[in-house]
Amino acid sequence: MGINSTEVSYGFGQNGSIFTNTNTQVVAPTDRVIVAIQFLADTTFDELSPENGTSGICVGDAANEKGAGAEITISGATNENVGASGGQIINAASDSNLTKFPAGMTIYGRWSSFTIDADADGGVIAYLGY
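Residue numbers for the sequence shown follow my numbering, so the first one is 1 and each next one is one higher.
It is worth saying that the hints were derived from the structure and are not from the lab. It is possible that part of the hints are untrue.
Said to hold, decoys possible - Label-pair distances were calculated between CB atoms; the ranges are:
hint	residue 1	residue 2	range
1	ASP31	ASN91	29 to 35 Å
2	ALA103	ILE18	16 to 22 Å
3	TYR130	ILE107	14 to 20 Å
4	THR106	TYR130	17 to 23 Å
5	LEU40	SER94	22 to 28 Å
Unchecked claim - Each computed EDC-like pair below joins lysine to aspartate or glutamate, with the alpha-carbon atoms no more than 20 Å apart:
hint	residue 1	residue 2
6	LYS100	ASP121
7	LYS100	ASP119
8	LYS100	ASP46
9	LYS100	ASP42
10	LYS100	ASP117
11	LYS100	GLU47
Here the structure is a predicted model, which means the values were calculated and not measured. Beta carbons are placed, not taken as given, at the ideal position from N, Cα and C, and that holds for glycine.
Could you put the whole structure together from the sequences, leaning on the hints where they help?
Below, the structure is given as structure tokens:
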């Protein structure tokens with residue numbers, strides 16, 4: 001099954017965007033997720049929460065969020081290794097050696113919420129999709 005241009009546009013922010021440069025949690029609307037985050041300045045996170053939490057392949061900052069290749073739950077099957085390998089949890093909040101995303105970079109995924117470290121001269125734009 002192919003993807004048409006309308007379906008692609010719904011996944012890349014044509015459903016709105018959210019700007020922030022403060023240390024306040026950004027939460028996607030109930031019927032949407034954050035599909036991309038564009039960094040306007042070097043940025044670190046206090047929290048980055050994948051849409052699925054502990055189910056599915058996700059990268060986040062909490063102890064219960066797994067990197068690719070970890071034992072995870074997919075479609076009801078527990079402790080299934082999905083064949084991916086590598087991947088690390090993003091260092092955030094009070095972690096030592098915070099993961100820094102450089103200005104101009106955009107990351108893509110499916111997140112329900114995030115909180116950045118405040119930066120009055122920068123910030124991020126989060127793009128919404130389904």
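Hints, verified against the model:
1. At about 31 Å, the beta-carbon gap between ASP31 and ASN91 stays in the expected band of 29 to 35 Å.
2. The given range of 16 to 22 Å is respected by ALA103 and ILE18, whose C-beta atoms sit roughly 18 Å from each other.
3. A C-beta distance of roughly 18 Å is found between TYR130 and ILE107, which places it inside the suggested range of 14 to 20 Å.
4. The hinted range of 17 to 23 Å is satisfied by THR106 and TYR130, whose Cβ atoms lie roughly 18 Å apart.
5. Checked against the hint of 22 to 28 Å, the pair LEU40 and SER94 passes, with Cβ atoms roughly 24 Å apart.
6. About 16 Å separates the Cα atoms of LYS100 and ASP121, which keeps this hinted pair within 20 Å; it holds.
7. A distance of roughly 13 Å separates the Cα atoms of LYS100 and ASP119; the hinted pair therefore holds under the 20 Å criterion.
8. Of the supplied pair hints, the one linking LYS100 and ASP46 holds, its CA atoms being roughly 11 Å apart against a limit of 20 Å.
9. Distance restraint check for LYS100 and ASP42: the Cα-Cα separation of roughly 6 Å lies within the 20 Å cut-off, and the hinted pair is therefore satisfied.
10. As the CA atoms of LYS100 and ASP117 are separated by approximately 11 Å, the hinted pair is consistent with the 20 Å bound.
11. Among the hinted pairs, LYS100 with GLU47 is consistent with the structure: their alpha-carbon atoms are about 13 Å apart, no more than 20 Å.
Hint check: no violations occur; every hint is consistent with the structure.
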